[in-house]
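Colleague: So the sequences go chain by chain: C and R.
Counting from 0, one number per residue, gives the positions in the first sequence under numbering that gives the first Met the number 0.
Counting from 0, one number per residue, gives the positions in the second sequence under numbering that gives the first Met the number 0.
Calculated from the structure, these hints are not laboratory results.
Don't take every hint at face value.
Label pairs and their in silico Cβ distance ranges [to be verified]: (1) C:240 x R:123: 48 to 54 Å; (2) R:148 x C:381: 40 to 46 Å; (3) R:177 x C:274: 55 to 61 Å; (4) R:197 x C:127: 51 to 57 Å; (5) C:132 x R:174: 57 to 63 Å; (6) C:240 x R:83: 43 to 49 Å; (7) R:177 x C:428: 22 to 28 Å; (8) C:273 x R:177: 55 to 61 Å; (9) C:219 x R:126: 37 to 43 Å; (10) R:196 x C:240: 49 to 55 Å.
Beta carbons: idealized from backbone N, C-alpha and C, even for Gly.
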Amino acid sequence: MSGRIFSGRELNADVTERCEVCIIGTGCGGATVGVNLAEAGRDVVFLERGGAYTKDDFDQREIDMLAKIDGGRALDISDDGAVQLTYGNNVGGASVHYWADSYRTPADRLELWAQRYGLTGRSEADLAPHFAILEKDLNVHEAEPRFYNRMNQLLKQGAEQLGWQGRPVPQARKPCAASGFCMQGCSYDYKQSQLVTHLPRAVAAGARIYADCEARTLVFGSGPSTVTALEAAILDRATGRPSGRKVRVEAKVFVVAAGGYGSPVFLLRQGLKGRLPALGEHTYCNPCPMVHALFDEEILQFRNIPAAWGVEHFRLARHDGDRYVEGGYLLMANQLQPATLAAVLPGLGGSHRRLMASLRRLGGTICWIDDVEEGSVRLAGDRPVYHTPLTGGNALRIRDAFAKQARLLFAVGAKEILFGDARDTRLVPSQIEQIDRTVAALDLTPGRFVLAAPHPAGGARMGSDPRVSVVGMDSRVHGTGNLFVTDPSVFPTAPSVDPSLTIMAFSRIAADHIRALL
Amino acid sequence: MLPRMQRESVRKSDPGRRSFLKIGLGGTLLLAAGGGIFGWRFWSSSYAQLLDPGETPLALSIKEFAIAKTFVRALLPAEDGFPAGESLGIPQRIDEEVWAAAPELASDLKAGLLLLEHATLWSGHRSRFTRLAPDEQRLYLGRLLTAENSTLCLIALAFKQMTHLFYYGHPAVWQRIGYDGPLVEKAVPPDSAITYQALLRGRP
Chain C
0 MSGRIFSGRE LNADVTERCE VCIIGTGCGG ATVGVNLAEA GRDVVFLERG GAYTKDDFDQ
60 REIDMLAKID GGRALDISDD GAVQLTYGNN VGGASVHYWA DSYRTPADRL ELWAQRYGLT
120 GRSEADLAPH FAILEKDLNV HEAEPRFYNR MNQLLKQGAE QLGWQGRPVP QARKPCAASG
180 FCMQGCSYDY KQSQLVTHLP RAVAAGARIY ADCEARTLVF GSGPSTVTAL EAAILDRATG
240 RPSGRKVRVE AKVFVVAAGG YGSPVFLLRQ GLKGRLPALG EHTYCNPCPM VHALFDEEIL
300 QFRNIPAAWG VEHFRLARHD GDRYVEGGYL LMANQLQPAT LAAVLPGLGG SHRRLMASLR
360 RLGGTICWID DVEEGSVRLA GDRPVYHTPL TGGNALRIRD AFAKQARLLF AVGAKEILFG
420 DARDTRLVPS QIEQIDRTVA ALDLTPGRFV LAAPHPAGGA RMGSDPRVSV VGMDSRVHGT
480 GNLFVTDPSV FPTAPSVDPS LTIMAFSRIA ADHIRALL
Chain R
0 MLPRMQRESV RKSDPGRRSF LKIGLGGTLL LAAGGGIFGW RFWSSSYAQL LDPGETPLAL
60 SIKEFAIAKT FVRALLPAED GFPAGESLGI PQRIDEEVWA AAPELASDLK AGLLLLEHAT
120 LWSGHRSRFT RLAPDEQRLY LGRLLTAENS TLCLIALAFK QMTHLFYYGH PAVWQRIGYD
180 GPLVEKAVPP DSAITYQALL RGRP
């Protein structure tokens with residue numbers, strides 16, 4: 000039996016579904032669990048808050064696409080404006096707008112999770128077979144040099160010049176049109192997002208996907224440990240507000256996979272914080288400091304693969320005893336289409352326009368900070384309030400990332416670099432000796448510069464002790480019999496690389512546990 | 000190695016847009032006080048004068064729309080071969096975004112516009128933002144972006160980002176900046192834009 004995708008506008012009356020597994024969310028976590036269960040013959044229903052789109056809807060216009068696939072229409076920020084929350088809001092989740100970087104979880108990170116947080120069943124050997132399957136299914140491969148745009152070529156050249164280790168970034172693409180519109184959703188179905196990989200397979204195996212459908216309330220049975228149903232509201236896609244129609248799903252198992260920003264909030268709304276004090280705590284988000292650069296030559300950062308080659312030299316922070324020395328981030332070429340670039344460039348009026356008039360010669364880099372200072376999410380009434388500290392170890396890493404980017408950009412011929420802060424701090428090559436002093440003086444107070452936060456993690460972390468974790472090793476919420484979480488919110492820390500493949504590998508393991516339960 | 004890095008202190012965060020802009024009673028009183036200073040009774044008519052005939056916001060009030068329009072005029076005048084932001088409908092696009100935003104965010108944005116208008120007091124101006132000369136408006140916005148007060152800074156940044164996003168996302172600007180545009184021809188507007196336009200057309 001083949002399933003199908005239902006859009007909110009098709010649903011003219013309340014709906015009641017009965018199935019074996021109900022999954023909230025269709026991103027890397029939910030889709031991966033779902034396809035594994037559906038193909039094993041299990042009856043699966045997905046609920047997705049965002050809309051269902053196809054490649055024909057991905058029109059490569061930034062403004063149109065922000066409204067379609069970006070959560071909060073790209074206006075969501077943390078409590079004090081420190082970071083801009085970046086997440087998906089559509090069938091396929093954030094994988095529809097991601098850059099397709101597909102790393103295996105580094106062995107050192109898995110060891111950390113085992114030793115410090117007590118994770119079992121997630122060693123390099125445990126995950127290897129899952130990664131092998133995922134890499135085949137998503138055609139993960141290294142980009143050929145013809146897919147390196149000029150900024151990626153310069154990044155590689157600069158890193159080699161400076162003796163910084165790097166390598167081609169593993170890409171989930173088949174093939175690639177080199178359009179540069181990855182963040183706007185792939186108009187060619189070449190990027191191997193969940194929309195064109197796991198979800199169609201799940202639907203072919205009978206899964207039903209309800210788009211424009213916001214999960215609201217878990218209905219518990221006679222005791223607090225068993226969920227019997229989920230109540231959801233069908234949304235009007237134009238306004239994002241409830242249409243008045245509802246969906247009720249009765250199932251044997253419920254899986255929360257609403258993403259790193261969404262899942263902890265959903266669980267908080269169910270009143271689980273009292274039983275699980277770690278819920279909403281220990282969050283991470285990979286804040287991304289960028290440095291922009293003007294070159295004499297054409298860069299055309301807005302074309303081809305965003306991050307084809309990456310600097311991994313600084314992935315792990317280096318310490319001298321207790322003293323931080325450097326690192327704790329990945330360093331990549333940046334890719335922004337013009338409107339988004341204009342939004343993050345510093346300055347007003349003439350100075351901003353002069354920059355934009357130089358669009359074709361504007362390049363730059365970006366770092367994914369492996370944040371170490373934990374954030375949190377809480378509810379103020381029903382409203383989620385996210386907090387990400389830009390202090391302590393996070394600030395040390397951000398400053399070092401600014402400095403390293405500046406050094407690399409000057410090494411490959413940048414004529415002027417911009418830190419993008421409110422004071423519009425710039426340096427020219429003759430000031431290269433001033434990099435450290437300049438970076439040390441940058442004001443990291445929230446609101447003084449733009450930091451995207453694209454990789455949320457934690458908030459419902461895995462562990463064996465319900466006092467300090469939310470889910471057990473089987474991804475089941477402590478104290479419940481049939482409620483699971485499968486997305487980056489279960490990670491004890493950020494994974495130090497793009498999280499998509501780690502999310503999928505963890506979700507495959509969760510699917511095994513769920514199958515055993517049914 | 001950066002000397003200051005080791006001394007990075009854990010600073011208490013300032014109240015940010017999300018928390019502070021829920022201005023509530025205190026904020027309302029503050030704005031009312033501003034009204035007393037500037038002459039409340041003249042406001043509605045003077046704001047309406049800033050709008051073109053037939054120009055009707057859907058989500059913003061006349062006053063909020065006039066402030067947004069002034070912001071766009073100050074930031075994006077027609078010069079150096081760039082079209083004016085106003086001529087590309089950017090103020091209306093801001094209204095659309097407020098209309099489509101979640102209710103809490105929409106109220107933050109509306110409150111932010113009011114603070115933009117009246118925070119001139121704190122930077123030593125005697126007039127509100129919409130009454131300043133264009134050069135003064137730009138100077139004022141520049142000062143807000145680096146203001147000690149994080150809330151003012153965040154408001155200015157939010158509207159600057161939004162305005163630039165919509166302006167440089169407009170096809171009329173692409174040639175001027177050397178951007179050859181999307182590779183697929185047909186634009187497919189989001190449902191929110193289609194509904195917003197339909198509602199606007201349906202207005203008397």
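Colleague: Next step is simple, just say for each hint if it's right about the structure.
Modeller: Checked hints:
no.	hint	verdict
1	C:240 x R:123: 48 to 54 Å	violated (42 Å)
2	R:148 x C:381: 40 to 46 Å	violated (29 Å)
3	R:177 x C:274: 55 to 61 Å	holds (57 Å)
4	R:197 x C:127: 51 to 57 Å	holds (54 Å)
5	C:132 x R:174: 57 to 63 Å	violated (47 Å)
6	C:240 x R:83: 43 to 49 Å	violated (34 Å)
7	R:177 x C:428: 22 to 28 Å	holds (24 Å)
8	C:273 x R:177: 55 to 61 Å	holds (57 Å)
9	C:219 x R:126: 37 to 43 Å	violated (59 Å)
10	R:196 x C:240: 49 to 55 Å	violated (18 Å)
The structure is inconsistent with the numbered hints 1, 2, 5, 6, 9, 10, although it conforms to all the rest.
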